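Number of protein chains: 2
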Amino acid sequence: MQVSQQINARWIIPIDDANSVYEHQALIIQHDKIIDIVPQKNLSAYQPKEVVELNDHALIPGLINAHTHAAMSLLKGLADDLPLDEWLNNHIWPAETALADEDFVRDGSELAIAEMIKGGTTCFNDMYFFPNQTIAQVLKSGIRANIGAPVIDFPTRWAKDLDEYVSKGVAIYDETRDDALITISFAPHAPYTVSDESFKVIQPIINELGLTTHIHLHETAKEVEESIEQDKESPIFRLKRLGLLGPDLMAVHMIGLSTDEIKLVADFGVHVIHCPRSNLKLASGICPVDALTKAGVNVALGTDGSASNNDLDMLSELRTACLIAKGESTNANTLPAIEALKIATINGAKALGLDKQIGSLEAGKQADITAINLNSLETQPVYDAVASVAHSASRSQVSDVWVAGKRLLDNYKLTTIDEPEVLEKAAKWQEKIKQFHHRSIKAV
Amino acid sequence: MQVSQQINARWIIPIDDANSVYEHQALIIQHDKIIDIVPQKNLSAYQPKEVVELNDHALIPGLINAHTHAAMSLLKGLADDLPLDEWLNNHIWPAETALADEDFVRDGSELAIAEMIKGGTTCFNDMYFFPNQTIAQVLKSGIRANIGAPVIDFPTRWAKDLDEYVSKGVAIYDETRDDALITISFAPHAPYTVSDESFKVIQPIINELGLTTHIHLHETAKEVEESIEQDKESPIFRLKRLGLLGPDLMAVHMIGLSTDEIKLVADFGVHVIHCPRSNLKLASGICPVDALTKAGVNVALGTDGSASNNDLDMLSELRTACLIAKGESTNANTLPAIEALKIATINGAKALGLDKQIGSLEAGKQADITAINLNSLETQPVYDAVASVAHSASRSQVSDVWVAGKRLLDNYKLTTIDEPEVLEKAAKWQEKIKQFHHRSIKAV
Chain A
161 MQVSQQINAR
171 WIIPIDDANS
181 VYEHQALIIQ
191 HDKIIDIVPQ
201 KNLSAYQPKE
211 VVELNDHALI
221 PGLINAHTHA
231 AMSLLKGLAD
241 DLPLDEWLNN
251 HIWPAETALA
261 DEDFVRDGSE
271 LAIAEMIKGG
281 TTCFNDMYFF
291 PNQTIAQVLK
301 SGIRANIGAP
311 VIDFPTRWAK
321 DLDEYVSKGV
331 AIYDETRDDA
341 LITISFAPHA
351 PYTVSDESFK
361 VIQPIINELG
371 LTTHIHLHET
381 AKEVEESIEQ
391 DKESPIFRLK
401 RLGLLGPDLM
411 AVHMIGLSTD
421 EIKLVADFGV
431 HVIHCPRSNL
441 KLASGICPVD
451 ALTKAGVNVA
461 LGTDGSASNN
471 DLDMLSELRT
481 ACLIAKGEST
491 NANTLPAIEA
501 LKIATINGAK
511 ALGLDKQIGS
521 LEAGKQADIT
531 AINLNSLETQ
541 PVYDAVASVA
551 HSASRSQVSD
561 VWVAGKRLLD
571 NYKLTTIDEP
581 EVLEKAAKWQ
591 EKIKQFHHRS
601 IKAV
Chain B
161 MQVSQQINAR
171 WIIPIDDANS
181 VYEHQALIIQ
191 HDKIIDIVPQ
201 KNLSAYQPKE
211 VVELNDHALI
221 PGLINAHTHA
231 AMSLLKGLAD
241 DLPLDEWLNN
251 HIWPAETALA
261 DEDFVRDGSE
271 LAIAEMIKGG
281 TTCFNDMYFF
291 PNQTIAQVLK
301 SGIRANIGAP
311 VIDFPTRWAK
321 DLDEYVSKGV
331 AIYDETRDDA
341 LITISFAPHA
351 PYTVSDESFK
361 VIQPIINELG
371 LTTHIHLHET
381 AKEVEESIEQ
391 DKESPIFRLK
401 RLGLLGPDLM
411 AVHMIGLSTD
421 EIKLVADFGV
431 HVIHCPRSNL
441 KLASGICPVD
451 ALTKAGVNVA
461 LGTDGSASNN
471 DLDMLSELRT
481 ACLIAKGEST
491 NANTLPAIEA
501 LKIATINGAK
511 ALGLDKQIGS
521 LEAGKQADIT
531 AINLNSLETQ
541 PVYDAVASVA
551 HSASRSQVSD
561 VWVAGKRLLD
571 NYKLTTIDEP
581 EVLEKAAKWQ
591 EKIKQFHHRS
601 IKAV
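Read top to bottom, the protein sequences are chains A and B.
Everything in the first sequence is counted per this note's numbering, starting at 161 for the first residue and increasing by one.
Everything in the second sequence is counted per this note's numbering, starting at 161 for the first residue and increasing by one.
Watch out, some of these pointers could steer you wrong.
No distinction is drawn between identical chains; accordingly, a pair holds when it is met within one copy or between any pair of copies.
What the hints assert, rightly or not - Below, a list of computed lysine-lysine pairs in the DSS-like style, where the Cα atoms sit at most 30 Å apart:
#1 K594 - K201
#2 K201 - K592
#3 K454 - K382
#4 K382 - K592
#5 K585 - K201
#6 K201 - K588
#7 K400 - K423
#8 K392 - K592
#9 K392 - K382
#10 K193 - K382
#11 K516 - K594
#12 K328 - K300
#13 K400 - K454
#14 K516 - K392
Bear in mind the hints are in silico, worked out from the structure with no lab data behind them.
If you're wondering where the values come from, they're calculated on a predicted model, not measured in any experiment.
Construct all of the structure, not just a fragment, from the sequences and the given hints.
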């Protein structure tokens with residue numbers, strides 16, 4: 161049988177229930193799909209148009225960044241070492257209000273997508289203004305994305321009121337229905353920026369279109385305290401009252417949950433998106449990954465935006481997740497290497513409702529693949545490829561990336577994005593944003 | 161005046177009390193020393209033999225890894241996701257007993273040094289058997305090191321009893337007295353593996369030679385509990401009774417300290433070496449960096465050995481230190497970017513008693529310098545070079561490294577170590593160690 165591609169790999173870590181690791185096997189791709197994984201000795205059934213030799217490499221499912229704000233890459237390092245409210249109110253929101261127009265989102269998204277592909281991410285879950293611009297960059301680059309249509313109770317450059325947020329969200333959904341690489345969520349920003357009335361307007365639309373919802377939830381202790389003060393209930397209980405809880409909800413952050421709240425999340429099948437580095441950097445708190453997992457909750461992993469992280473490095477994120485989960489649970493066996501890889505791959509796919517298509521390497525799924533070269537000082541010797549990937553490898557060892565069978569990174573080189581051009585654009589934004597920020601800080 | 165080298169850099173982060181950042185300046189090197197830092201416009205005083213242009217780069221003082229076991233690089237990934245006692249007793253110590261001979265230490269140290277130089281580390285503080293072999297690799301490679309002469313209350317391949325540990329330690333001190341790149345500590349392994357009697361033997365020798373002491377201390381809650389049970393005092397109070405506390409002591413780990421213990425450390429001027437990733441990975445606990453710093457304690461940073469980390473990446477370590485300190489203190493301003501750079505540079509120099517020679521970029525100090533290329537997707541735009549280095553840059557962006565004026569990494573290439581040869585040796589050890597470990601695990 162003639163097939164598109166055959167990748168010979170030293171290790172294949174498919175991410176399956178048996179925690180398999182295949183050695184010296186080949187992954188067979190036909191068009192956009194994986195159709196087989198077979199021992200390299202036993203390949204007579206296939207005549208590939210292209211053979212890729214990755215004899216020092218581990219193949220893993222493409223990493224899924226389950227929460228980010230791609231365009232904010234242009235703001236990385238603008239304001240650091242500050243708590244969430246000060247960081248948002250005095251730095252990020254003023255900068256966004258002044259500068260985050262369509263061009264900003266276009267160039268910021270492109271910078272982010274370039275960084276993500278080079279770091280082995282094949283799919284990201286975004287929430288930002290001008291999602292149309294992010295979508296254009298997704299299609300141009302060939303990466304996969306779930307795009308959140310933002311809803312927030314104040315006017316922005318993207319929309320002036322709830323009606324416009326909703327109609328623009330629905331329009332984006334309509335426009336992308338035929339794009340295989342794109343799915344759409346509604347993304348109400350957070351409980352403290354979206355009123356009951358607004359939730360009541362968007363919820364029937366989300367249900368009617370069969371979409372998922374992507375929301376910041378329980379990001380800080382302050383958010384939870386103020387909600388209890390104002391509504392006599394924590395934000396997640398408020399969302400329960402509003403009928404939002406269910407397997408279509410992606411709840412991002414979820415720090416410091418009580419036993420009751422963990423049970424609620426488990427009972428309703430809500431997906432939790434864990435952003436450990438952002439939560440630590442803003443000193444927001446820690447998401448109880450061990451307790452959630454033990455309660456049967458699906459926990460996926462996100463980097464958050466680069467302005468609070470300060471990068472989109474999923475290998476670094478999963479490694480920190482691993483360390484923090486052990487520290488938080490005081491158990492060194494919590495979130496072992498293979499489970500850390502799962503939260504960064506299949507669990508993200510489940511959260512997005514895409515686990516039939518992506519999240520593992522198996523016949524019938526999309527060929528979204530990340531290759532990591534383990535033959536380097538940083539990862540030699542290799543006793544266990546899973547441990548090497550989760551505990552030692554860094555993103556500079558990501559050599560090749562495929563999305564839907566298309567090779568977006570070829571031997572460390574981006575194939576669909578002009579890297580020097582992206583850097584030039586970033587330099588231009590740097591001057592503009594720096595000038596604004598200096599004036600703005602002086603004015604405070 | 162004729163000088164050896166002139167490095168033109170986009171940014172120089174010298175690490176001084178004023179938290180200076182110089183832009184478009186040049187660093188002037190004469191032989192092994194920095195002799196000046198001057199604006200690039202104003203260079204007429206110097207005629208350099210060599211000019212190095214680093215126009216997208218930040219120069220920082222070479223990173224100081226204040227606690228590691230270099231040779232254990234050959235064991236990275238052998239046993240993961242286990243608590244300290246199980247990891248040591250069932251995996252690491254059996255492997256070391258069977259395999260850690262002179263050849264192991266020679267090749268493991270070389271692998272570690274190669275990884276450290278590529279990651280921007282110019283000096284490391286080591287503790288391991290056969291320190292003579294590590295010293296040989298230090299001299300061969302040109303890196304700087306403080307080498308611990310091990311003392312432990314059981315026989316090893318290195319020494320059969322206390323007398324031999326001591327005499328071999330003194331011999332190493334004598335042999336390296338003229339090596340500018342090497343200093344020596346005594347390294348009693350830990351309170352639970354070294355008796356009062358042994359401490360009483362080594363302490364007068366350490367004092368007489370004017371050496372520092374390097375010890376694992378308060379690494380786990382279990383260690384502290386058992387000490388209280390057995391000696392009616394926590395390990396650090398035991399060391400106080402034995403007269404070991406003082407500015408010549410480097411106490412590594414120091415998790416979960418009480419207020420009294422923090423005061424004790426501060427009163428005696430003990431240096432604390434923080435190893436956040438190792439402590440988290442083994443679920444040992446967290447060192448209270450914020451409280452220690454506020455009490456006036458000098459806190460330096462180490463990666464620990466690769467078998468528990470699993471790398472020797474100081475940029476990643478300082479970034480995790482930053483995140484954990486904010487999380488642990490619930491204050492986003494704790495350990496801001498510049499302070500994170502200090503714990504990885506000048507504070508390490510202070511701990512080693514080498515702050516007159518290294519730890520910052522200033523006239524009169526040794527030319528131990530790390531250059532980081534910030535013109536990459538991962539770190540563009542740059543609003544604040546210090547934030548970019550501490551919160552975004554990864555070690556793959558380290559382009560050049562000098563130790564004592566000698567360029568050990570030249571445009572990403574090691575100049576004193578044959579990288580392919582090191583990888584070949586690691587592959588040979590991998591087979592040997594894998595076979596032993598499989599047999600050993602089956603036997604348990």
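Now the hints, each set against the structure:
1. K594 - K201: between (57 Å within a copy, 24 Å between copies)
2. K201 - K592: Classified as between; 26 Å across copies, 57 Å inside a copy.
3. K454 - K382: This pair counts as both: shortest intra-copy Cα distance 27 Å, inter-copy 26 Å.
4. K382 - K592: Classified as neither: same-chain Cα gap 33 Å, cross-chain 54 Å, threshold 30 Å.
5. K585 - K201: The answer is between: 28 Å across copies meets 30 Å, while 48 Å in one copy does not.
6. K201 - K588: between (52 Å within a copy, 25 Å between copies)
7. K400 - K423: Answer is within; shortest intra-copy Cα gap is 12 Å, inter-copy 48 Å.
8. K392 - K592: neither (44 Å within a copy, 63 Å between copies)
9. K392 - K382: within (14 Å within a copy, 42 Å between copies)
10. K193 - K382: neither (46 Å within a copy, 51 Å between copies)
11. K516 - K594: neither (44 Å within a copy, 37 Å between copies)
12. K328 - K300: The answer is within: 21 Å in one copy meets 30 Å, while 65 Å across copies does not.
13. K400 - K454: Within one copy, since 22 Å is at most 30 Å while 43 Å is not.
14. K516 - K392: neither (40 Å within a copy, 59 Å between copies)
Hint violations for this structure: numbers 4, 8, 10, 11, 14, all remaining hints satisfied.
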